[in-house]
Every structure is written in structure tokens, then in C-alpha cells.
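**Q** In case you want the letters, here they are:
2 protein chains.
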Amino acid sequence: MQIHVPFDQAARLKYPEQVVLVLTVDRNNKVNVITLGWSMFTSHQPPMMAISVGLSRYSHEALTGRDEFVLAFPGRNMAKEALYCGTNSGRAVDKIIETGLELTDSLEVSVPLLKDAVANFECRIVERLLTGDHTIFVGQVVASHRNQMPAERLYTLGPSYQLGYPGL
Amino acid sequence: MQIHVPFDQAARLKYPEQVVLVLTVDRNNKVNVITLGWSMFTSHQPPMMAISVGLSRYSHEALTGRDEFVLAFPGRNMAKEALYCGTNSGRAVDKIIETGLELTDSLEVSVPLLKDAVANFECRIVERLLTGDHTIFVGQVVASHRNQMPAERLYTLGPSYQLGYPGL
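Order-wise, the sequence lines are chains A and B. Counting from 1, position 145 in the first sequence corresponds to residue 145 in this note's numbering; the numbering is continuous, with no gaps. Counting from 1, position 15 in the second sequence corresponds to residue 15 in this note's numbering; the numbering is continuous, with no gaps.
Among these hints, one or two may not hold up.
Since the list can't tell identical chains apart, any single copy or any two copies may satisfy a pair.
What the hints assert, rightly or not - Below, computed lysine to any residue pairings styled on SDA-like, alpha-carbon distance capped at 20 Å: (1) 115 - 5; (2) 14 - 164; (3) 14 - 46; (4) 30 - 133; (5) 80 - 142; (6) 80 - 129; (7) 30 - 76; (8) 80 - 37.
Hints were generated in silico from the structure; no laboratory data involved.
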């Protein structure tokens, strides 16, 4: 039986929600990392991924100025770093320095990979679409990487940034 | 340490992946249900959701012909129905009859709700974007509903349609 409720009340039933980290390079060549809950695959052939980024975010500027990003799956042991990158702005801090996240070379884009991520996808932006207070950036995946060590992804388990792995 | 691998090898590290059911009405007024792994929220104000649907899917036709859909979160007890709706085509079968899924009235759109879902979002399509072999349909949420009984969402736990709830 369904009850009509405000959007927020229904939307909070979405958890666990997968988390991704999106790496960009700003106009001063500083690497920035944003934590996003809103992302999806959107094509098999060619492989593409879509991310939804708030208009006010510092990463939005970097994604508008440069046609590339790296989408990384953080591991379940990266909750602290993901929380930091999701609640601080690259306008005010250097998130790479503050978190100690390690970078490594990418192959096809000018944005580096996250060394300890579960997987990294190098993306070249092929479409942008304004949707309300966010923009959808569609990236064609031009190179993919996985961690040498198998690991589980990180999820948001509930409101107020409860990060972890579901069921544990 | 990252290893360069083909896209599919990195992409299979995405699990658990959330599952949604998208309800549409075709030109013969038949209700159809498709199971999707590729969806995301994409705006707070106004609330919007995005879904990515393969060009060859029967639901793609219905979404192109009518400006509305309902996005439902299936419960973890709906694995059998979600598997059926994800592996059969509305061109060949009536999925509502075959699965026994129960429908209930919506408020703002001409597509019904899924009676036993965790939540239902009535969406009016405001944008369409071709991305490779899929189209992203962006729906503005015009009414939201939740199940009277709290319940957990359904996830894909691994390749070959392993549906269930993570960690259990």
C-alpha cells in the first residue's frame, strides 16, 4: 500500500547508495576530488558514464573548463577520505593534501587516477545537460583500470553521510 | 596499485548496484515494466531523476511516445519479478500478467504505481539525451509515494542477474 509523501521522504528510502569519487584538474592545474552519490553507466558501446554535479560545486567549474574527468570507485576503507571530499570545497582546501589520497598516472587523459581505488575510469566529456540545479556530464570511457587487490566499493548507508559497506 | 584492463573487467567491480523498475504505458495503453540498473537522482530543486534505457528496448518506444514514467524501488522480496521484467520484452509478453505485480492509482501522471514497491516516483519527462547505445530520459518528479510498511531495496549483487540484498 502506497502513501503519498513529500519527495524527500520517499527519496530517503534510496539507501544504500553507491558512492564515486570524481577527479578533475582546475584551471590552475590543481587536482580536485568530489564525492558523488549520483552517477550511472549510460552506454555499453562505446562505454559511457554519467555524473550529476551541483551547479554551485567547485568541480562544476573544472568540468566546464576541461573536457575530462576520472571516475573512481572508492574502497570501503576510504570512508574518511570520501566524507572529507564530499563536505569540503576545492575552493578553500587542497583535498589531495588534506586527505593524503595518492594519485597515479593515467593513460589517455590529463587527470590522474586514484592509486588505491577499486577501479578508475578515464572519461572524455561528450555531452553536458542542465537538469534543474545540477548538470549531467556524460563521459566516454577511454581507459579503465582496476586495483591489483580485490576490494569492495563504498556506499552511503543512510542520511547524514553514513558511509560504509551494506550489511556489515 | 592500478592495472590497465578492458572496460568490462573494471565495470564488473560495480556491484552491488541498485535496481529500479520503470513503468510505462505503450500506445495500446498496455502497462509495461522494465528493470534497470542505470538510474540516478539529478536535481534537488525541482526534484528530478534520470534513467538510461537501451535503444532497442520496448520501453524505449513507450518513453519516446509518451512524456511520463513511474520509477519504483522494488523491495528485496521482489527479485523474481525484477528478474522476469529485466529479461523479457513487453513486445512478446504482458509482464504485469506474467509476474502478478499489482498496480495502484497514481496522482499526476497516466502511468500507475507499483503497489508493493518501497517507493514510487511519478515523473514527467523534461529532457532526453542520446548517449551511445542508450538514451537518458530525465523526469521531473511530480508526486512521490512510499510503502506504508518499511522495506529494503533490491540490488544486483553480481554478474548474471544475481538479485538480492547486499551483505546477506
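**Q** For each hint, tell me whether it holds in the structure or not.
**A** The hints, checked one at a time:
no., hint, verdict
1, 115 - 5, "between (43 Å within a copy, 15 Å between copies)"
2, 14 - 164, "both (15 Å within a copy, 15 Å between copies)"
3, 14 - 46, "between (29 Å within a copy, 18 Å between copies)"
4, 30 - 133, "neither (25 Å within a copy, 34 Å between copies)"
5, 80 - 142, "neither (29 Å within a copy, 36 Å between copies)"
6, 80 - 129, "neither (31 Å within a copy, 35 Å between copies)"
7, 30 - 76, "neither (26 Å within a copy, 43 Å between copies)"
8, 80 - 37, "within (15 Å within a copy, 27 Å between copies)"
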